[in-house]
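Chains as they are written, first to last, in the numbering used here: chain S, 350 to 600; chain R, 350 to 600; chain X, 304 to 599; chain U, 304 to 599.
Errors might be hidden in some of the hints.
Result set (DSBU-like, lysine-lysine): computed pairs, CA atoms no more than 30 Å apart in a straight line [what the hints assert, rightly or not]:
#1 U:Lys500 <-> S:Lys449
#2 R:Lys443 <-> R:Lys528
#3 X:Lys500 <-> U:Lys500
#4 R:Lys482 <-> X:Lys317
#5 X:Lys323 <-> S:Lys465
#6 U:Lys323 <-> X:Lys595
#7 R:Lys509 <-> U:Lys323
#8 U:Lys323 <-> S:Lys509
#9 S:Lys551 <-> R:Lys584
#10 R:Lys551 <-> S:Lys584
#11 U:Lys466 <-> X:Lys355
#12 U:Lys500 <-> X:Lys466
#13 R:Lys465 <-> U:Lys500
#14 S:Lys509 <-> X:Lys323
#15 U:Lys317 <-> S:Lys485
#16 R:Lys443 <-> X:Lys595
#17 X:Lys595 <-> U:Lys317
#18 U:Lys500 <-> S:Lys509
#19 S:Lys465 <-> R:Lys507
None of these hints come from the bench; they were simulated from the model.
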Amino acid sequence: MAEQEKEKKKKSRKGGKDDSKYVIYLEGVNKAYSDANGVPALMDINLKIKRGEFVFIVGDSGSGKSTLIKLLLRELTADSGKVVVNDQDLTKMKHAQVAKFRRTLGVVFQDFRLLKDRNVYDNVAFAQRIVLKSEKEIRKNVPNMLSMVGLAGKYKAKPKQLSGGEQQRVALARALVNKPTILLADEPTGNLDPRNTNDIMKLLEKVNENGTTVVVVTHNRDIVNTMQKRVITLKQGVILSDEEKGAYIDD
Amino acid sequence: MAEQEKEKKKKSRKGGKDDSKYVIYLEGVNKAYSDANGVPALMDINLKIKRGEFVFIVGDSGSGKSTLIKLLLRELTADSGKVVVNDQDLTKMKHAQVAKFRRTLGVVFQDFRLLKDRNVYDNVAFAQRIVLKSEKEIRKNVPNMLSMVGLAGKYKAKPKQLSGGEQQRVALARALVNKPTILLADEPTGNLDPRNTNDIMKLLEKVNENGTTVVVVTHNRDIVNTMQKRVITLKQGVILSDEEKGAYIDD
Amino acid sequence: MINTFFYTLGQGVKNVFRNKWFTMASLATISACLFVFGIFVAVVFNVNHIVKTVEEGVSVTVYFNEDVEQERIDQIRELVTRRPEVYRCDFISADEAWAEFSKKLGENAEGFIENPLEGSENLQIYLNDVSKQGELVGYLETVEGIRKINKSELTANTLTGVKAVVTYVSVGMIGLLLAVSIFLISNTVTIGISVRKEEINIMKYVGATDFFVRAPFVFEGIIIGLIGSAIPVVVLYYLYNAAFAFLQSNFAFLNDFISYVPASDVFIYLAPASLLIGVGIGFFGSFFTVRKHLHV
Amino acid sequence: MINTFFYTLGQGVKNVFRNKWFTMASLATISACLFVFGIFVAVVFNVNHIVKTVEEGVSVTVYFNEDVEQERIDQIRELVTRRPEVYRCDFISADEAWAEFSKKLGENAEGFIENPLEGSENLQIYLNDVSKQGELVGYLETVEGIRKINKSELTANTLTGVKAVVTYVSVGMIGLLLAVSIFLISNTVTIGISVRKEEINIMKYVGATDFFVRAPFVFEGIIIGLIGSAIPVVVLYYLYNAAFAFLQSNFAFLNDFISYVPASDVFIYLAPASLLIGVGIGFFGSFFTVRKHLHV
Ligand SMILES: Nc1ncnc2c1ncn2[C@@H]1O[C@H](COP(=O)(O)OP(=O)(O)OP(=O)(O)O)[C@@H](O)[C@H]1O
Ligand SMILES: Nc1ncnc2c1ncn2[C@@H]1O[C@H](COP(=O)(O)OP(=O)(O)OP(=O)(O)O)[C@@H](O)[C@H]1O
Ligand SMILES: [Mg+2]
Ligand SMILES: [Mg+2]
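Input sequences plus hints: build the corresponding full structure.
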């Protein structure tokens, strides 16, 4: 609580009037991969997401959703435009600050990115260790988190010994265990059955209610249509639509 | 054509009366991973799939779907029971025969398994090269196949330069390019938007109509419910139901 | 089939460029190991050559009975020269003996006015192999007309000992370096290919035969082995000649009793040995390492 | 912070076991390289020792004017002994000189009945460093009462030359082996860590600081370096003593003019050098290799 307040103060000092209420603020962002024959992956993206919002990003395969997520966690840097996340201008960020910045995020990667030679427990605990939690807290938080994603019994397994959906849930547990201010989830239910998908979505809603800004990339039409959240639709690198209480757009 | 006939003859010679009309024949199959505390991944599986069928395999995350697929391509061997695929008894198969057997299959793996240091074209062409197709045929078939999955323009890209859905479609193209007698697809649309998913499903139906037996593992309720095919539901390693023109079962 | 062969070859070449890291590491390891190996072979060749030169300088001296005639001496010389262990046999007259001896005495010889070694004409017998000295002396003792056989047992034994030690150390060192080189190179090849275990597995899962998977790796191994072993041979050849020239010009006085083995004599063995090691390990290393990952 | 330190240390130890392949390969490479390195250091130490021993056997002989008295001789001996380049100075009476000389002549000496070297009492001066011979002779020429200075210019020059060549070759070989060892070990460390590039990237993507990612790898490097360098030192120590014993018992006659350096004298330098190399490369190798992958 005290920390959150401190952070708020910092925010009002650093950010301008306009973007301070947005945890994610993109202005005229362009991104082209150097080895893609100049075809841009994202073009003139303008996007503002307020603290505490729940946003779906949808769009065809290859429309630039993952590229957008990667910009937000500074895995990639924009070719031009402004990317401000958690009041940090990512285009100007120095290497030394990146780690600290990323710790305020929770990220579920489309390809999971689990540490192959560590078991489920250690993978999730790793996120806690980098924020210097005590072993005592870790021993409390990690099993809690694992049972929330339905993997309490698998804590000793290595990623290779898990099914696709189980790996995906470990990735989610790792992203959530630090109670991040922003959760970026790239296709977090692609390998999950409808029941598990529902459970996970309920979990994300709960996390969102507790104050975390949630950005979910998904292809799951059912979920998008039933949850009635803000929906941003990408098409070939541009924002096609951005609607409050939106639905999955089929063309 | 001539080859197909020859194969039929071989079949009637090798297989028994009972299992010769089935391209996939499982009897009392058990499989437990050695490092899973003895919890079996599959228990007493009995399954018969006829030539030319289209079968969905559904079930919760971790219910054993991928394990079943892995048994069918002899990535794993059963602990007990009989696994006959394409009239070959996989439990007794020698190492030297495995390659030849696998060439009759097309497999889409849940984790794609693309060759990282080769581009899209070479990944798909590889499947043709191992069956000793001529370069001329390869140069005709591969671009054809790539445009069928909507990736004609990306043939030069390496897997790392593709979006999740694009990688998945490369995996599918590789599985289909040899016109296999059986297609095993583990979650082939997990990373695809609804439109692409539809296109792919239509493609699979077409392939099926041309005589390929298709086995698809999926979590996509919409697809299963609309396509009205045979549905096998797994739950914690056992077959819960097996219905012609079935639907996705929610409990 | 022809198609497959060229495909395989092409993939082998492509692999070399595709895995730049592995290629660089393997090339570096092979080159470094064979470079050190080559240097030692060169040094050992020269040391053995020097020992051989010294060995040929050791002689047995034979003095004759006072009544023996020159004819008999010539006869004995003839007999001795024919023996297989004898390399050369020189007749030294009394005057020659004194001239030679007084050189050895240095300034000590000044005190003598007349030849103190009168009647000491002798035969200087040089051997192919000092360790045969005993044998020769045994024979000479049976020859008539010989008063005294002057052998330097100490020198012969010492030289035999030094030769043995040098041989032991040489063979040991070269063997050791060879073993370590092979070990290190295999190690690198093994790591490099294990990194690509996944690639190999995928190929197998898609239905490739063992041969089809393995052949490009083996080609790759051979190419890297070939280049990796050719580099040190070429570098060493130039280095050897440079060192040769350097020693001859800077330590000219050593040339009296040391002569070096010419580059060609060393490299006629070293070059094929190096290439064989490089290509051999490239081949077998990749062959066996890939095999480990094929059984999926 | 204490927490992090122990975590880091623990992860370093775990890494050693987690990546068995890499650990084995690095250990093997470090051990093999330092083993060869150690053997050469040991051989070079002994060769230098032998050269030194031979050097100390080279003497300058001083003969006196006929009228010089024993008192003056003792005086000169005193003066010479005090000079820094002089290692030892022995007086040899005429009888001793002949006894010694006739040994050198071997059977040739039989012809003489009385001492032909009467009046040749002399001083045998042994030097610390043969290359200082000229200097000593220059001094001796200014001393009164000396008839003749007998120096072996050829021997001194040859020995100086041999010494120079041995030194060149020794330093060159050890330098080369050191460089190659460091290169090969770094190579292995680099490959081993590059394989884990993905792991490093993931850690960074999740928000770990450079330090947090790197520290376990550096610990791992140090541990492997320590073990990898300790193994060859221990093995070499036993091997050295065994070789020592073998040479002394099997080539006993060599003991007269060759003495070996005791193990402790070699290992007092070799052991810390090896450990320093092992740990140093373990540290810097992992430090810099990990750094390459941190910038994501
Ligand atoms: N590293 C890269 N280099 C070159 N091109 C890339 C790279 N990564 C992605 N692309 C291309 O950029 C475009 C957008 O990719 P992105 O991964 O953002 O798509 P996506 O919306 O996440 O798709 P999906 O739903 O299939 O995951 C695609 O056409 C893709 O091929
Ligand atoms: N290599 C392995 N070692 C040990 N256990 C394994 C291994 N692979 C899978 N398992 C376990 O076996 C069970 C079945 O796994 P499987 O991959 O077949 O599930 P799945 O039905 O494909 O699930 P998903 O839909 O999530 O992909 C799971 O509980 C999983 O944790
Ligand atoms: Mg994506
Ligand atoms: Mg699965």
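Inset, instruction - Given the hint that Lys465 of chain R pairs with Lys500 of chain U, test it: the Cα-Cα distance must not exceed 30 Å. - result: With Cα atoms ~15 Å apart, Lys465 of chain R and Lys500 of chain U stay inside 30 Å; holds.
Legend entry - Hint consistency between Lys551 of chain S and Lys584 of chain R [alpha-carbon to alpha-carbon, up to 30 Å]: Distance ~23 Å between Lys551 of chain S and Lys584 of chain R Cα, so the pair holds.
Legend entry - Pair hint Lys317 of chain U and Lys485 of chain S, alpha-carbon separation not exceeding 30 Å: holds, 21 Å
Inset, instruction - For the pair we were handed, Lys323 of chain U and Lys509 of chain S, check the Cα-Cα distance against 30 Å. - result: holds, 17 Å
Inset, instruction - Compare the distance between the alpha carbons of Lys595 of chain X and Lys317 of chain U with 30 Å, and conclude whether the hinted pair is satisfied. - result: Holds, at about 26 Å.
Inset, instruction - Mind checking the alpha carbons of Lys500 of chain U and Lys466 of chain X for me, to see if they're no more than 30 Å apart? - result: violated, 53 Å
Inset, instruction - Please work out if Lys551 of chain R and Lys584 of chain S have their alpha carbons no farther apart than 30 Å. - result: holds, 23 Å
Inset, instruction - Mind checking the alpha carbons of Lys509 of chain S and Lys323 of chain X for me, to see if they're no more than 30 Å apart? - result: Distance ~28 Å between Lys509 of chain S and Lys323 of chain X Cα, so the pair holds.
Inset, instruction - Would you mind confirming whether the straight-line C-alpha gap from Lys466 of chain U to Lys355 of chain X stays at or under 30 Å? - result: Roughly 20 Å between the alpha carbons, so the hint for Lys466 of chain U and Lys355 of chain X holds.
Inset, instruction - Below or equal to 30 Å on CA atoms is what counts here, so check Lys323 of chain U against Lys595 of chain X. - result: Status holds; Cα separation ~16 Å.
Inset, instruction - Decide if the proposed pair is consistent with the structure: Lys500 of chain U and Lys449 of chain S, CA atoms, cutoff 30 Å inclusive. - result: holds, 21 Å
Inset, instruction - Compare the distance between the alpha carbons of Lys323 of chain X and Lys465 of chain S with 30 Å, and conclude whether the hinted pair is satisfied. - result: holds, 24 Å
Figure legend: structure checked against the earlier numbered hints; the only hint not met is number 12.
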